[in-house]
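Following the hints, position chain B against chain A.
Below, each chain spelled out in residue letters.
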Amino acid sequence: MSNAPSPSPTRWFKALRRTRLGEPCLKTYHSECVGLLKRARAAFQAGRTAKENFRLAQLEAIVRMLVEHEGDFVDALGRDLHKPRFETIVSELVLVKNEALHAINNLKKWMQPQRVERNLSTTLDECLLVNEPLGVVFIIGTWCSPVQLCLAPLVGAIAAGNCAIIYPPEYTSHTGELLHRLIPSYLDNECFHVVLAGITDLAEVVELKFDHVFFVGNREEGSKVAQAAARTLTPVTLVLSGKNPCYVDQQCDIVTTAQRIAWARFHNAGQSVVAPDYILCHVDVEAQLVQALKCCLVQFYGSDPRESQSFGRMVNLESFNRTRDLLWRSGKVAVGGQMIESEKYIAPTILTEVVESDPIMQHDVFGPVLPILSINNVDEAIAFINRQEKPLCLYAYSSNSKVISRLMSETSSGSFCSNDSILQSLLVVLPFGGVGASGMGSYHGRYSFDTFSHRKSCLLRSVRLECVSYLRYPPYEDRNLALMTWANTLSQKSQGWCQIL
Amino acid sequence: MDAQNQVVERLRSAFRSGITVPEGFRRAQLRNLLSLIKDNEQMILDALHKDLAKPKFEAVISEIDMVINELYHAIDNLKSWMQPEYVSKNMATKLDNCFVRREPLGVVLVIGAWNYPLQLTLLPMVGAIAAGNCAIIKPSEVSAAMERLLAELIPKYMCQDCYAIVCGGAEETKVLLENRFDHIFYTGSQKVARSILQAASVHLTPVTLELGGKCPCFIDDQVNMDAAARRLIWAKFFNAGQSCVAPDYVLCSRATRDALLPALRQALGAFYSEEPRTCPDLGRIATDRHWTRLMELLGRSRGKVVLGGESNQEEKYIAPTVVVNVEEADALMEEEIFGPILPILTVESVEEGIDFINRKEKPLALYVFSNNSSVITTVLEKTSSGGFCSNDGIVHMTLPGLPFGGVGASGWGNYHGHWGFETFSHRRGCMLRGWALEKINTLRYPPYTEDNLGWLRWTTSARKTAWNSCTVM
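From first to last, the protein sequence lines are chains A and B.
Residue numbering for the first sequence follows the numbering used here, beginning at 1 and increasing consecutively.
Residue numbering for the second sequence follows the numbering used here, beginning at 1 and increasing consecutively.
In isolation and in its complexed conformation, chain A is listed as follows (with noise of 0.2 angstroms):
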């Protein structure tokens, strides 16, 4: 197995002491850009990324730099976003080893061609879907899980062969120089790069013309991506996050129902796309469940989460203070509220006598707040959370499986969870993606394999059966037509296909 050619020293020990010292970030400027997307592409088209052994190589080289790293990797993302190192370890670089994992222990399967049923008048050829990479792709990861939404990616653009460029989030600066840093020691650097950038630049790498942009992110800049991509023809695979409803049923276990919700919202100080953004509560139990919330919130964080070693901060102050603006002007506080903006600190707040006009409720939650609004029964909770625009993720929690089964087929979104959260997109074998304004495309496992390769149809032929063949030849008589006429209603019957052509 070769090993990733080691990088220039001179650069390595640069972006390490930068690091270190916490200096602000290098950037790559639009000229670098195009080089590195040139030298990416002559690597795609002399075939190095090809082979079998090369993908297993790198994927099994990503294992290993996010073992060998552990400690930088929760160094940095403690220090962009207060992650503790629990979540830093299981929600991050976990999940990325399971992908790559998946990958590598499923790679020779999914590179096999798929044979296609062959009919009567195929039986003596070949019938095949093969998969291709599509040569390079740009990868384009967001602030909240920048671990994750840069490499789980990476892992099944990798798999199916390509080269990539990758964008780690602009905000999470530590962690996008630490990428920077570690991926030329661990992967190919002809075939991988790492670029940092602004925000504003993103559109205008897209278009120096990529075969797939890959982007996790907010509806606007999605939006803008999508764009860039429209101008220059290129596909594109947007994830994006929104208001994901949580609906909680009168008949439900309260205490595990708050737990569960509770884990879900306030872990990385609620900065996740997966996360549940609003409770519509059954009135009958709402009480119950800001009473359960609260004894949870205290069993997780302690009395003060501000001593919690398990509780992180807001990422920036844009951030806290958009999310303290909306906390204000919305509902009712009924838990926590504190905030200190030198810390960026918000405490974990429960907001209840929410309604659908409060600006909470138009806006994104990327905080540890979660408001409650109420509802009197299922239908309205269906009819809420269909005027809304589909959401990436909706949760549903009852004990009664007619009333999920409702709230499953009647709505919409791109992933569905029932009495519990964030879970769904974690499986690595189901799709992970959004739907109307949620995006387009998935990943996770065999999907990403999908998302990045393209599906060759190859149909192989003898010149044998000439004699059948002739019946389409010109020139055209009925009696020919006739033949073929009958023998395809012959199939439709037996369900087969038989198209003599």
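Take the hints with a grain of salt, since some may be wrong.
Straight-line C-alpha distance at most 27 angstroms; calculated DSSO-like pairs for lysine-lysine [said to hold, decoys possible]:
| no. | chain 1 | residue 1 | chain 2 | residue 2 |
| --- | --- | --- | --- | --- |
| 1 | B | Lys191 | B | Lys79 |
| 2 | A | Lys108 | A | Lys51 |
| 3 | A | Lys209 | B | Lys360 |
| 4 | B | Lys191 | A | Lys38 |
| 5 | A | Lys224 | B | Lys50 |
| 6 | B | Lys50 | B | Lys382 |
| 7 | B | Lys50 | B | Lys38 |
| 8 | B | Lys191 | A | Lys224 |
| 9 | A | Lys243 | A | Lys332 |
| 10 | A | Lys209 | B | Lys56 |
| 11 | B | Lys382 | A | Lys51 |
| 12 | A | Lys209 | A | Lys38 |
| 13 | A | Lys402 | B | Lys79 |
| 14 | B | Lys191 | A | Lys209 |
| 15 | A | Lys402 | B | Lys439 |
| 16 | B | Lys360 | A | Lys38 |
| 17 | A | Lys51 | B | Lys50 |
| 18 | B | Lys382 | A | Lys108 |
| 19 | B | Lys38 | A | Lys38 |
| 20 | B | Lys439 | B | Lys56 |
| 21 | A | Lys209 | B | Lys382 |
| 22 | B | Lys439 | A | Lys294 |
| 23 | A | Lys224 | A | Lys209 |
| 24 | B | Lys382 | A | Lys109 |
Counterexamples of contact, computed for chain B against chain A with all Cβ distances above 10 angstroms [what the hints assert, rightly or not]:
| no. | residue |
| --- | --- |
| 25 | Gln4 |
| 26 | Ser35 |
| 27 | Asn40 |
| 28 | Lys50 |
| 29 | Glu58 |
| 30 | Leu78 |
| 31 | Ser201 |
| 32 | Ala228 |
| 33 | Glu296 |
| 34 | Glu328 |
| 35 | Met333 |
| 36 | Gly386 |
| 37 | Val395 |
The set of hints was computed from the structure by calculation and includes no laboratory data.
All C-beta atoms, glycine included, are put in the ideal place defined by N, C-alpha and C.
Structure of chain B alone, referenced to chain A:
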């Protein structure tokens, strides 16, 4: 245009009411579409003849039968396509239900093309109906007779609240695109695709693009010359060369070319007689504008016409034409030909052929004629294209088990059969959990401890074996 807004609104309310979701409704509409075709076969043939002088034989096998087959395939398989797909469970999710549901997207727009006006408009529509969507069809205004016929028949046979047809040219399409759709399916040219994509990106609408390209045809030295010539001629001059998957140009060695030409001459004579203009089996160019474009390309070409070359503007007729001594920079190599003109370029080896092909944009289809399977495999592996066919042309797109679509400049997304259903569906990952196993869940809750972390790591980490990843979170 207000009427268009209203149409979209009407379809959206119908979709919201849930009427298109049940299997019974979808099957009934598919059967209605089947009746539409079967009841009006003669009118369809007449319209196709009016638009493209399409011979009855070609119209039946490439338009009518294709749509009928697709419909039967959908009707027969709808139930299984609609089933949720259960995924493998692991240790922690044994008590849960994990599956992928296929859900309709909403109101979709299908924009057809003029070269196969029935098939390219209705085949995507079959996928859209089967997937449970409402659909607006916009046939190409260039094939005006078919456009008129569809405008008359679709409201007659299909549920008017759920399926509508909008007619018009570029202006009307632009206005239509200002509305928000849940998916847009476009077959046509790259230039128009760009503006459609830009309009769609404003609403974050996913798009399937079926674009053309120059489909190369590599002919090896070891080949059954007569059979290859016949199949090549058939594929090239079918519909007077106006197929997005027609072999656009030929690459072969000089020696092969010299052996090919007599075989081509013979096949042409056998198929279209010595006077192709009088042969009823040869189609015509769709419009004056397209005819002029083709004649201009032929005129500017520095190659030599060895077969055919005759034309008649009034009839929009161009004889099946073969041109040799064509170089890479020739006029005929500038854009997709889309007509009955076949340039032959010479390359002295398979590698040279592959390099040539890879210098160009990825085409919709790629063809290789050879008796040597390793040559075929080499070309297959070293090039990329939407589809691939060896020792024949076009037919790979008629098999329902094979997805039909492009890559790179020839588009993205695909359809036909089950793939059409998938294109117009949303694959929603669903997990139904119970209340049990909360004790295991507590491992993931704060306050975070190293012990819990150790446990979680142990249970959730995949191994480098066949063990499935176990998410105990």
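Hint by hint, here is what the structure shows:
no.	hint	result
1	B:Lys191 <-> B:Lys79	violated, 39 angstroms
2	A:Lys108 <-> A:Lys51	holds, 11 angstroms
3	A:Lys209 <-> B:Lys360	holds, 16 angstroms
4	B:Lys191 <-> A:Lys38	holds, 25 angstroms
5	A:Lys224 <-> B:Lys50	violated, 45 angstroms
6	B:Lys50 <-> B:Lys382	violated, 42 angstroms
7	B:Lys50 <-> B:Lys38	holds, 19 angstroms
8	B:Lys191 <-> A:Lys224	holds, 21 angstroms
9	A:Lys243 <-> A:Lys332	holds, 20 angstroms
10	A:Lys209 <-> B:Lys56	violated, 44 angstroms
11	B:Lys382 <-> A:Lys51	holds, 12 angstroms
12	A:Lys209 <-> A:Lys38	holds, 11 angstroms
13	A:Lys402 <-> B:Lys79	holds, 22 angstroms
14	B:Lys191 <-> A:Lys209	holds, 16 angstroms
15	A:Lys402 <-> B:Lys439	holds, 26 angstroms
16	B:Lys360 <-> A:Lys38	holds, 17 angstroms
17	A:Lys51 <-> B:Lys50	violated, 52 angstroms
18	B:Lys382 <-> A:Lys108	holds, 19 angstroms
19	B:Lys38 <-> A:Lys38	violated, 54 angstroms
20	B:Lys439 <-> B:Lys56	violated, 71 angstroms
21	A:Lys209 <-> B:Lys382	holds, 22 angstroms
22	B:Lys439 <-> A:Lys294	holds, 20 angstroms
23	A:Lys224 <-> A:Lys209	holds, 15 angstroms
24	B:Lys382 <-> A:Lys109	holds, 20 angstroms
25	Gln4	holds, 21 angstroms
26	Ser35	holds, 15 angstroms
27	Asn40	holds, 16 angstroms
28	Lys50	holds, 18 angstroms
29	Glu58	violated, 7 angstroms
30	Leu78	holds, 12 angstroms
31	Ser201	violated, 4 angstroms
32	Ala228	violated, 7 angstroms
33	Glu296	holds, 26 angstroms
34	Glu328	holds, 18 angstroms
35	Met333	holds, 21 angstroms
36	Gly386	violated, 7 angstroms
37	Val395	violated, 5 angstroms
When each numbered hint is compared with the structure, violations occur for hints 1, 5, 6, 10, 17, 19, 20, 29, 31, 32, 36 and 37.
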